[in-house]
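S.K.: Next come the chains, spelled out residue by residue.
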Amino acid sequence: MPVSSAKLPTVFAITESELDLNALLAQITLPSSGAAALFTGMVRGVTERGEAHHTLYLEYEAYRPMAEAKMKQVAEEIRQRWPSVQGIAIVQRIGRLYPCTPTVLIACTAAHRDTGVFDAARYGIDRLKEIVPVWKKEVGPNGETWVEGDYIPKPGE
Amino acid sequence: MKRVKVLLFATLRDYVGAPSVEVELPPQATIHDLEEHLIAAYPRLGIVRNSMMAAVNREFAADEQIIPDGAEVAFFPPVSGG
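Protein chains in written order, with numbering that gives the first Met the number 0: chain V, 0 to 156; chain F, 0 to 81.
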């Protein structure tokens, strides 16, 4: 996966491969890092909140070049808001993914845990769900439905 | 007239039945014009008329934006990654 910026590592990718959380964390850890906040989401096979239902699998797709450009933008937004963040990894897995499988990773490293690193990772996943062009179709025992987001980005956002 | 290649994703691709289509448009055509053209050609797109989003050269685009020559245009529903 591409790593840009010589000093502060930023990893962003759309991938069909299994997410290796340890390897991604290693890629964004510097000798001066002492803290990491790592968010991962996985396919939920059993949903209890709202309309309870079961999920057999999710089918993800991406508008790949735009998705990777928007991930880079999310990383830049994180750096503007939390200058203490050192490394950033933003990776979305696509394809057919079954329950319990990690689908996405947002990780930030920093020198110390009280530098905003938790908020930075939280911002990263929230922002990914707003502006990174990825979609998922949910397949359950009663058929399939595309999941649709509810955020409408502004032109150029 | 100019030829524009339009990429389609998720529900929109299902409704059109293809991942991309080529469309002939007047030189000053906007994203809104293209959207109307597509809905006329593929009436099922009318179902998602109010939630169709557009990107021009991989940036979110306004309805009134004039489509530049040779642009990469994409239409898709609100994103749902994660």
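None of these hints come from the bench; they were simulated from the model. Don't take every hint at face value.
[Said to hold, decoys possible] Here are the in silico distance ranges between beta carbons for each label pair: (1) V:Tyr97 - F:Ala17: 27 to 33 Å; (2) V:Glu17 - F:Pro26: 32 to 38 Å; (3) F:Ala17 - V:Gln79: 49 to 55 Å; (4) V:Val45 - F:Arg43: 28 to 34 Å; (5) V:Asp149 - F:Arg2: 31 to 37 Å; (6) V:Pro101 - F:Asp62: 24 to 30 Å; (7) F:Met0 - V:Val138: 26 to 32 Å.
Note that the Cβ used here is the ideal one computed from N, Cα and C, for glycine as well.
S.K.: Work down the list of hints and note, for each, if the structure agrees.
M.R.: Outcome of the hint check:
| no. | hint | result |
| --- | --- | --- |
| 1 | V:Tyr97 - F:Ala17: 27 to 33 Å | 28 Å, holds |
| 2 | V:Glu17 - F:Pro26: 32 to 38 Å | 48 Å, violated |
| 3 | F:Ala17 - V:Gln79: 49 to 55 Å | 39 Å, violated |
| 4 | V:Val45 - F:Arg43: 28 to 34 Å | 32 Å, holds |
| 5 | V:Asp149 - F:Arg2: 31 to 37 Å | 34 Å, holds |
| 6 | V:Pro101 - F:Asp62: 24 to 30 Å | 37 Å, violated |
| 7 | F:Met0 - V:Val138: 26 to 32 Å | 41 Å, violated |
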